[in-house]
Every structure is written in structure tokens, then in C-alpha cells.
Amino acid sequence: MDEAEFPGIRGPLRFRPETGQPLLELVEVLLRGPHPLTPGERELIAAYVSGRNECTYCCSAHSAYAAAQLDEGMTLVDQVRADPDNAPISAKLRALLHIAGAVQVSGREVTPELVATARAEGATDLEIHDTVLIAAAFCMFNRYVDGLGTQPAADPGWYAQASEHIVNTGYRRVV
Amino acid sequence: MAHIDLGVDENEFPGVRGPLKYRPVTGKPMLELAETLLRGPLSLPTADRELIAAYVSGLNECTYCCSAHSAFAAALLDEGMTLVDQVRADLDSAPVSAKLRALLHIAGAVQRSGREVTPELVEAARAEGVTDEEIHDTVLIAAAFCMVNRYVDGLGTFAPSDPKYYDETARRIISVGYRNTV
Chain S
1 MDEAEFPGIR GPLRFRPETG QPLLELVEVL LRGPHPLTPG ERELIAAYVS GRNECTYCCS
61 AHSAYAAAQL DEGMTLVDQV RADPDNAPIS AKLRALLHIA GAVQVSGREV TPELVATARA
121 EGATDLEIHD TVLIAAAFCM FNRYVDGLGT QPAADPGWYA QASEHIVNTG YRRVV
Chain W
1001 MAHIDLGVDE NEFPGVRGPL KYRPVTGKPM LELAETLLRG PLSLPTADRE LIAAYVSGLN
1061 ECTYCCSAHS AFAAALLDEG MTLVDQVRAD LDSAPVSAKL RALLHIAGAV QRSGREVTPE
1121 LVEAARAEGV TDEEIHDTVL IAAAFCMVNR YVDGLGTFAP SDPKYYDETA RRIISVGYRN
1181 TV
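Residue numbers (my numbering), protein chains in the order written: chain S, 1 to 175; chain W, 1001 to 1182.
Any given hint could turn out to be false.
Stated by the list, open to error - Quick list of the computed label-pair ranges, beta carbon to beta carbon: (1) W/1098 x S/15: 24 to 34 Å; (2) W/1162 x S/86: 46 to 56 Å; (3) W/1118 x S/4: 20 to 30 Å; (4) S/71 x W/1093: 53 to 63 Å; (5) W/1093 x S/75: 52 to 62 Å; (6) W/1098 x S/72: 52 to 62 Å; (7) W/1171 x S/78: 28 to 38 Å.
Stated by the list, open to error - These stretches of chain W come out as covered by chain S in the derived footprint (C-beta under 8 Å, 3 or more residues): (8) 1021–1028; (9) 1031–1044; (10) 1052–1065; (11) 1086–1098; (12) 1138–1145; (13) 1150–1164.
Hint data in this document are derived by calculation from the structure and do not stem from the laboratory.
Beta carbons: idealized from backbone N, C-alpha and C, even for Gly.
Between the sequences and the hints, there should be enough to build the whole structure, so can you do that?
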């Protein structure tokens, strides 16, 4: 297939639809299903982890999808990626991002202290669970995309266009 | 005790099984992915796929996943746990085919980072007769276990120390698969 038309993960998802379908179902539920964290907040966790894994395609894509669904747009995404400790986000989201950052290193880095801090800021079990799984899932997606040597989109405007489609129709029919 | 209340007896549902039961809406596509990747009709033998899962889980030091997939691989391999232990201890001297060794090298690179998969590693696998589909499936199995290992340890789930648990689980997985595992 033409990788310019299907950059990043879109190529592998089309190459193997039998694994692509559960992967898209998982990301749809994790990032857009009914949840106390907004889709913008969950996309921000995905962008943050993808940035730490230096996955250009996933980080560009989920930064754009987060920006499209957050009032503060790309400014906030850039602030969180550059320095989550000083970014203007809630203490709860900051604590969840710290958990996500630990998961990116290793599941074993998630300490009882990180979890207790998130809980003290009002994070629920469900929010902690989904933060761990979003971060873990992007440790998979980032490796899938870069491990196969796929190309990011050539035109940076591609991600903003893709974000309209994701926000309106979701992930299930993305390929 | 896991970091969150999974609503199950962790002795009965250790490791990934607690979180999968806690959140069926994410558990279902994860089990579907595991079933397709590890047991679906792909060209790599199921034993080799379980060995890749065990190898990556060992590199990630995930006790539950490594014990479980080592037991599943051992149950499917003629050489049993001896071979699993050899692969995990020293891949380069383990008695596996050159093709499987090349794929395990790719899986090991994925475990560190997707960016570690070099054209040279892919070329070496191709020279041993590996197909595009097999390279794809190896990368995705390794990547998927980088997710599952983090899920299991990131939530602080319980890993049984009795090998009998994993042997019994292996029998069930081999007979009924992953879809109904929780």
C-alpha cells in the first residue's frame, strides 16, 4: 500500500486486519468510551507517553487529537509534554500523568506512593486503572509503529485533519 | 494486594485476570488480541509465539506473565521447560532454529524500544527465510507484551509462586484458549 496515504499505524492495521480490529476496539474504548476523564485528558496521557517513547507518529497524532478536544488546545499539550510539573492542569491529572510516566519506564515503577498521591487528589480506582492501561497500551502502539519502521505523515497538517475524523467518528473505522 | 480494588479474590484471579475481570470492556479486545496473536491461524507455530511472549515478559521482569507464558510454551514444545529456560538464560546458545533466534532478537529489540529494530535485524531474519507476516507478528507480540506486562505490574497484581498454578492454567489455555480465560 501507499505509506504516504496510510502513515504510521494505519499501514500495519490494514496489513493485518485480524489484529487491527481488536487494537482499534481497545483504543476506542480507552480514549473515547464513557469515562470520568474527558477524551481530551485521555488523549493527553496518550500523547505524553508517546512523546516519552519518542514515537513521532503517535505523539504527533495524539497531540493533535488532544489539542482538538481541550479548550487550551496545543498550548496546553506542549506545556504538559515539556514540563508536566509546571503545566496548568489539575493536581489530579498531574498525579495521573506521573503514574503514566512510571508505566512508560516499567510497570514496576508504579509505587504505592504514586497511587496514594493520585487518590489524595480525588482519582478513583477506575481512573487509576485506565491511566495505567492507556500508558501501557501506548507502550505497545509506539513499539508497533516504530518497530515496523513506518513513516510519520510528511505534512504536519495531516494530523489536524485526522483529528477531525477521530473526534467525529472515532477509531473503529479509521482504516 | 493490587493498587486498586479489583473486586475479585486475587488468589483465584491472579495477574492479568483480575484487571481483565475488573474492566470487561477493555478486557474483551485484549483477550481477542491475545487469542489471535498467540493461537490464531498464523504461520508461526503457537509454541514459538508463546516463547516470544515468555522471552519478552522475562526481559520486562513481569513474574506473572513470564511464569504463565513460559508454562504455556513449555506445554507446547517437545523440549518443554528446558528449552524455555535456555532461551531465557542465553538466547544465542539456546538450541533453537536460526529463524526463531532471529525473530527473538527482533522481539528483544522491541522490548527496549521500537526504534531499536534496525534494518540489519530485519535483514538477518529475512535471510533465515522469515516472511513479512512473521516479522509483523513478532513485532506485535513483543509490543503487546510490553503492554500486558506493564498492565499487570503497574496495577501491582499478585503473582502465584506455586508452579502448579501455571501448569494448570497452561492446560486450560491450550484446551479452551484465551477468550474465556476470565
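task: Just pull the numbers of the violated hints for me, sorted ascending.
output: 7 and 11
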